[in-house]
Amino acid sequence: MTELPDSARRVADAAAAAGIAIDVVQMPDSTRTAEDAAAACGCAVAQIVKSLIFVGAETGRPYLLLVSGVNRVDETGIAGLLGEPLKRPDGKTVRELTGYAIGGIPPIGHPAPMPTVIDETLLTFDTVWAAAGTPRCVFASDPNALKDATGARAYAF
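Under UniProt numbering, the first residue of the sequence shown carries the number 1, and numbering increases by one thereafter.
No lab work stands behind these hints, which were simulated from the structure alone. All of these numbers come straight from a predicted model, not from anything done at the bench. C-beta: ideal position from N, C-alpha, C; glycine also. Take the hints with a grain of salt, since some may be wrong.
To be verified - Label-pair distances were calculated between CB atoms; the ranges are:
hint	residue 1	residue 2	range
1	Arg9	Ser30	16 to 24 Å
2	Ser30	Glu58	16 to 24 Å
3	Asp29	Pro85	35 to 43 Å
Whole structure, please, built from the sequences with the hints as guidance.
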């Protein structure tokens, strides 16, 4: 068995600490996009968790949005939910906030908790797939376990 990269090991450890049983899988090809991940995992694109980082335009506070692979972020709606407009940080800032590079950002295992919103679409599935710290590592999970572990609020994207 291939040894997991350190970033994927951190995700596995965070899942265990949260009481979520996962198996991190390292795919032979990239799972950077929702479409690539769905093809690699053998699931619908809607079952892919896009872990997106935004920051508050007024406060600079980071927010984690767990969005179904078929949906886009309604920034106006999310801004209303969170109480401030949002902006997209650059890749360097994302890595500083999460400890992971864009394309491998997991829903768990960040250095500090962030206010989190989960797409209601994800909650309609028994199993969803999320990045596990690298653009080639993924894991399957019950979406409600991710919701609970992150303290996420559900929202219709």
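Requested in this report: Go through the numbered hints given earlier and state which of them the structure violates, listing their numbers in rising order.
Outcome: Checked against the structure, the only hint that fails is number 2, while the rest are satisfied.
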